[in-house]
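Colleague: Sequence:
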Amino acid sequence: MSYALLLVDDDTEVLSINRKFFEQYGYEVYTAENGAEAKIEIDERRFDCIVLDVMMPGIDGFSLCRWIKERCNTPVIFLTGKDAEDDKINGLLLGADDYMVKPYSLRELEVRIQVLIRRYSSTTSTRMAEIVFSPLRIDLQKHSAYYNSEKIQLSNKELDFLVTLAKQPQKVFSFEELGNIIWGDYIDSDRKTIMVTASRLRKKLDTYPGLENSIETIWSKGYKFSMSK
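Using the numbering used here, the letters of the sequence shown correspond one by one to residues 6 to 234.
No lab work stands behind these hints, which were simulated from the structure alone. Predicted model only: the values in this text are computed from it and were never measured. There's no promise every hint is true.
[Unchecked claim] In the DSS-like style, the derived pairs of lysine-lysine whose C-alpha atoms are separated by at most 27 Å in a straight line are:
(1) K44 <-> K74
(2) K147 <-> K209
(3) K44 <-> K172
[Stated by the list, open to error] Estimated spans, in silico, between C-beta atoms of each pair:
(4) K197 <-> R71: 38 to 48 Å
(5) L145 <-> Y109: 28 to 38 Å
(6) Y109 <-> E28: 14 to 24 Å
Using N, Cα and C, we set each Cβ at its ideal position, and we do this for glycine too.
Work out the full structure, taking the sequences as your base and the hints as a guide.
Modeller: Right, dumping it as structure tokens:
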């Protein structure tokens, strides 16, 4: 399975070296040279881990980490040239999951990323038994969706589509992301399949009062779940 990794650092040489290293290990690697670019990437994609430099112009790493943790449940590793204890404590209090001081071993960083991804995957699957946006309830263990107490008749792929979007409401999922998450991979010809699945799911949900337009098409980009709790 390929994991999506976001590297954020204002040093382009470091980004290039790190990107090549992690791509060799099979990661799908995205990069950002500042906090503003990172926010755009995080709004557009789902990442399995974010590796974040602390000292950056504009939005620093601490501020960006706070923004990330308010928005999504993604593990964050800080990379910094500072080894002061106060900086480490500050980062961890803001929600960072790990902290490495430069210079660092890329192999060790890769191992730490793997540990965090496994930890988050395990705790998420254990903790999240259902997703609720009343009157919609999705029981993840039973793999079923309900309108109040009435079961909504959905195919497995339609339900997978709904679960993927509902786990991160308001996030725009690209066709490629949906293909990779739901079908396991993505090729250009899958775009039509995704569009048909989205259309069928939307039609079924639209028959229930309060669920109309819950699956929103973002023109030329993908789809998002637009309900709020």
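Colleague: With reference to the structure, classify each hint as holding or not holding.
Modeller: Hints, verified against the model:
1. K44 <-> K74: 12 Å, holds
2. K147 <-> K209: The given pair, whose Cα atoms are some 19 Å apart, holds under the 27 Å limit.
3. K44 <-> K172: This hinted pair holds, its Cα atoms lying about 19 Å apart.
4. K197 <-> R71: 38 to 48 Å: Between K197 and R71, where Cβ atoms are some 40 Å apart, the hint holds.
5. L145 <-> Y109: 28 to 38 Å: This hint holds: roughly 37 Å between Cβ atoms.
6. Y109 <-> E28: 14 to 24 Å: For E28 against Y109, whose Cβ atoms are near 18 Å apart, the range 14 to 24 Å holds.
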